[in-house]
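Number of protein chains: 2
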Amino acid sequence: MINAKILDLNRNGSAIRAMFEEGKRMAAQYGAENVYDYSLGNPSVEPPKEIREAFYHILEEESQNLVHGYMLNAGYEDVREAVAKKLNASFGTAFSARNILMTVGAAGGLNVAFKTLLNPGDEVITFAPFFGEYRNYVSNFDAELVVVPTTPETFQPDLAALAAAITPKTKAMLINNPNNPTGVVYPEAVIRDIAALLCQKEREFGTSIYLIADEPYRELVYDGVQVPYLTKYYHNTIVGYSYSKSLSLPGERIGYLVLPDSLDEADEIIAGAAVANRILGFVNAPSLIQRVVGRCQDVTVDVEIYNRNRELLYGKLTEYGYSCVKPQGAFYLFVKAPGGDDRAFVEAAKKHRILLVAGSGFGGPGYVRLAYCVDHDMILRSLPGFAALAKEYGLQ
Amino acid sequence: MINAKILDLNRNGSAIRAMFEEGKRMAAQYGAENVYDYSLGNPSVEPPKEIREAFYHILEEESQNLVHGYMLNAGYEDVREAVAKKLNASFGTAFSARNILMTVGAAGGLNVAFKTLLNPGDEVITFAPFFGEYRNYVSNFDAELVVVPTTPETFQPDLAALAAAITPKTKAMLINNPNNPTGVVYPEAVIRDIAALLCQKEREFGTSIYLIADEPYRELVYDGVQVPYLTKYYHNTIVGYSYSKSLSLPGERIGYLVLPDSLDEADEIIAGAAVANRILGFVNAPSLIQRVVGRCQDVTVDVEIYNRNRELLYGKLTEYGYSCVKPQGAFYLFVKAPGGDDRAFVEAAKKHRILLVAGSGFGGPGYVRLAYCVDHDMILRSLPGFAALAKEYGLQ
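Those protein sequences? They're chains Z and F, same order as listed.
Position 231, counted from 1, in the first sequence is what the numbering used here calls 231; the numbers after and before it change by one each time, with no gaps.
Position 161, counted from 1, in the second sequence is what the numbering used here calls 161; the numbers after and before it change by one each time, with no gaps.
The hints are simulated quantities; they were obtained by calculation from the structure and are not laboratory data.
All figures in this text were calculated on a predicted structure; none of them were measured in a lab.
A hint or two may mislead.
[Claimed, not checked] 20 Å max Cα-Cα, derived DMTMM-like pairs, lysine to aspartate or glutamate:
1. F:K350 x F:E21
2. F:K86 x F:D298
3. F:K5 x Z:E61
4. F:K49 x Z:E265
5. Z:K5 x Z:D122
6. Z:K350 x Z:E392
7. F:K5 x Z:E268
8. Z:K350 x Z:D375
9. F:K5 x Z:D122
10. F:K49 x Z:E60
11. Z:K5 x F:E268
12. F:K232 x F:D193
Just chain Z, same shape as in the assembly (with noise of 0.2 Å):
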C-alpha cells in the first residue's frame, strides 16, 4: 500500500493538469490550431531579450564551478544581495541578503515555508477562490487548511467572515495578491484592515500568526493599479515570489521568500527556511537561472501584450452575455458558468474545442477560469465558440 493521500490524488488529480494534458491529446486529434486551450497559466509571451543576454554573459564570462555548482542552501550571496537591493529600491524595505532565500519557484518557497512554520494540527487561512495547490502544501505537512469565503461577485476579502475564522491554533494566513483565478487585487485599506486584524488575533490568543504573500503575478497588473508590500503593513509577514510570470521562466523554478528581520523568531525562521529547503529534496535553488534572474533584476515581460488579451476577452464575453469581475491583475478570468454548473459548462465547452478548468477545484464552483497568457489569435480564433455556447446557454 503506498501512500494514502498521494493514491487519493491519484484519483481526484488536479483538474488543471489533468486539462492540460487533455489539450495535449486534441491537439493531436484536431490540429494545435484547432484547440483553444485557457486551462493552464504556462506564459506565451517570450522571456525578454535581457534573459538570453545574461545567459551568454554568464556562460561566458562565469567560471563554470562557480555557476554549476553547490552555494549555500539559500542561494548565491551576490544574487541574494541583488534582489534584496530590488526590493528596497521598488518598496522603501530595509532588507539584506540574509533575508533572501532562494526557491525552486514560488511553489517550492511556500512548502519551504510552510515545513519551517507548520506543526501537526496547526491551520492555515486563504480566502476562497484559491488557487487549489494549496490545499496539498499544507496537507504535506499535516496541518489544515482553512477556507474563508470573499464577498460575491467582488472576490473582495470579507473581514468579518476571516476574524470568524481565527483561532488560537492559526499558525499562518496565506494571501494571493494578484488573486489566481479571479484576477482580483486586494487594495491597500483591505491590507490594513488584514493587518489590524491579525495584531489584534495574536494579542488575544497570545500567538504569532504569520501572513505568508504569494505574489508570483506582482508585476502582472492593469489599469495602473497598486499592490501593497504586505512586509510594510505587518510584521509576521514572509513574501513567496516567482519568477515564473515575470519573466516567462515557468519551467526553470525559480523564485525567492522573503523572511524580515521583523518576524517573531526571525532568526529562528531565516536559519530554519534554509534547511527546510535543504532537507526537502530542493538543496538549492537551480544554480545558473539564480544567476540569470540576479542580473535581470530591473526586468520585467511586456505585460501590454497581456492586457490586449485581458480587454479582448473580457469584452467579448461580456458581449455575449456572460458575467464576469474585470480583473486588475494576473492573467485569468473567472467567468460565473452559464447554467451554474462550472463542471457541466467545461464540458459543454469543450465541444468547441475550448478548454477551462472548473471553479470547484478552487474554491469558487459555479465559476470557470480562463488563463488568457495565450497567443491574441487563438482568443480571436475561439470567439465563434464562445459565442456559440452563450447562444446554447440562453445569455443573449
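With chain Z's structure known, arrange chain F on it following the hints.
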C-alpha cells in the same frame, strides 16, 4: 513555536554544510589557497565541453517558450525517452519514457519516492555508514530509518544483520552504490544476496519491499569495477539518479527516478510520483537543464582526474600511517580517526587548516570523511598537514 523538527535541526544542523560554511570563513581569513577543504562533495572538475555546447545549441535553436516553459510534471517526453534509451543500451533494460521521472537532483528524487511510498510509521532500512540526509528524508514523511551495520573494516553489507532488521513494517530499503561516505562498491554477489533476501521476506510477510538505489556516483568508479544495475536483480527496484557528479552540475539540481513496470502497483507509483513531484513544490525538474542533459546522455566527466586524486591521497595517507579501505567508487575516503574520536580529530585537523567531516554524522563514528573532488594541487599542499597530524597522534 515554529516546526519542532526544524528547530531541532537548527540546533543540530548538517555537519557537512556547517564545515562548508566554516571553510568559507577560513578562506577569507587565511586565503583560499591555505585552507584544505575536504568537506563537501562539490566537484572541482569542470563540466564536459559538451554541456556548454548543448546550452548554446538549445538557446539558439529551440523555442524559448518550450525551453523555459512548463511541461508535464514528469519532464519533457523527448528527454525522458533519451534517458530510457541510454539506460536500455547500457544495461539491457527495456524502459520507456513512462518509466522515467525527471527530478530536482537525487535529493529531490528520493523525497518524491518516499512521499509516494511511505505511510507514517513505515520503516526504511539502510546500511551504515550512510549519507546523513537520509535520516531527514525519511523523517519528512514520518517514517523511521532503520540503520543496519556493515562488516567492520570492509563496510560490505552484513546479510544476517539485514535479515534481522526486516519486519512487516519495512516499506523500503535504501542502497547507495557506490557508497557515500566509504567509496565502497557492493559487488554483484552481494546484490544477488540482498535481492534474494528481500524476495523471501516479501513472501514471508506478504508485503512489498521497495529497493531504492541512490546512484549519483554510478559513473565514478575505478580499477574497472562494475556497479550492478539493480532493476535487473529485483522486481521492486526504484533507481534515483543525479547528474550532479557525473556531469559536475550539482547546483543545477537535475536527476531522475526510474520507476519500472515490474514494481508492485507500478501504475499507481508512476502516477503518484508525478503528483508527489508537483505537490512537494518541485512542479518539474528545471527545464533548460533537462534539455541539456537530454542531449548529453553519452557524456561524463573525466574520471581519471578523480582517480589521480584517489591514488595520491590514499597512497600518502596510508604511508603516513592512517588506516582506510581503498575506495572503488565515488570521491570519498573514509579514514579511521587516529585516537578513535572522530569529532576530536576533525578539530585537530582544523588547526592545520584541513577541513574534514566527522563520521558520526554518517552513522560511522570513529571515522572521518574526506571528499577528494578537489584540486590536485590542494591535496599536495595539504600533505604536510596530514603528516604533522599523523606525528601528533603517534601513527608513525
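Which numbered conditions among the earlier hints are violated in the structure presented, ordered from lowest to highest? 3, 4
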